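Chemist: Take the sequences, apply the hints, and build the full model.
In order, the protein sequences belong to chains A and B.
Mapping of the first sequence onto our numbering: residues 59 to 147, in sequence order.
Mapping of the second sequence onto our numbering: residues 219 to 356, in sequence order.
It should be emphasised that the hints constitute simulated quantities derived from the structure, not laboratory data.
In this text, all values refer to a predicted model and were calculated from it rather than measured experimentally.
Heads up, some of the hints might be wrong.
[Stated by the list, open to error] Straight-line distance between alpha carbons at most 27 Å, and here's what the computed DSS-like set of lysine-lysine pairs gives: (1) A/K99 <-> B/K307; (2) B/K318 <-> A/K99; (3) B/K313 <-> A/K99; (4) A/K99 <-> B/K306.
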Amino acid sequence: MRVELFQSAGCKSCADARNNLKSIAEHAVPGVVWRDVDAVKELDYAVEVGVMSLPALAVDGQLVFSSLPTAAQLTRELQRRAAGASHGR
Amino acid sequence: MLTIGKLAAQTDLSTNALRFYEREGLIQPSSKSPSGYRLYGEDAVARVGFIKHAQHCGFTLTEINELLTLRAQDSACCDDVRRLAVDKKLQLEGKIRAMKVMSGALDLLIAECPDQGRPVGDCPILGAMEKIGQGSRT
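Modeler: Dropping the structure here:
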């Protein structure tokens, strides 16, 4: 599962929350690949995903949170997706 | 001090536009003349210029108010302004992308109707629109 945090340089709230969210994502489900996306450098990709404001968080290329989620929200979302993926197999 | 007429002349705006800015909380007269006319300080010219430029960049009046507030805050920094600018850029690019999709859809419809002089009942564009409408209801 690919988790992408869209942010821009100088975003203090992103920097503060980033390490915490990354750790939560990696512990929530196995196989999480975390990627930090600078929305200015990857503007086309950010627009393609539907990011309209920063910070935002996408899972597997799909915009899931248009603002920073809480630890519980992120854990719930990743576990829901992981359960869906295992049922689909 | 500037009257609203002089401020309008110096900023190339109408007095109605300046009153609208005032209602939206973007500018305020610094005082009133004894006869009750609005009077603005010389800094109002730069402030109105700022508002106009921000509007040209696509910022809404609410967002411009936020920018003006940031500009006046000692605790704010350029990163706060940059974040608003990046958000606006993302929104504009999103709209451009959506409009290109719409434009592409129109290209297809226009290509469907190369002939002139057809009766309206035989118009392929209207026909295609009806099909799309029926498809969206099912």
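Chemist: Hint numbers the structure violates, sorted upward?
Modeler: Those not satisfied: there are none.
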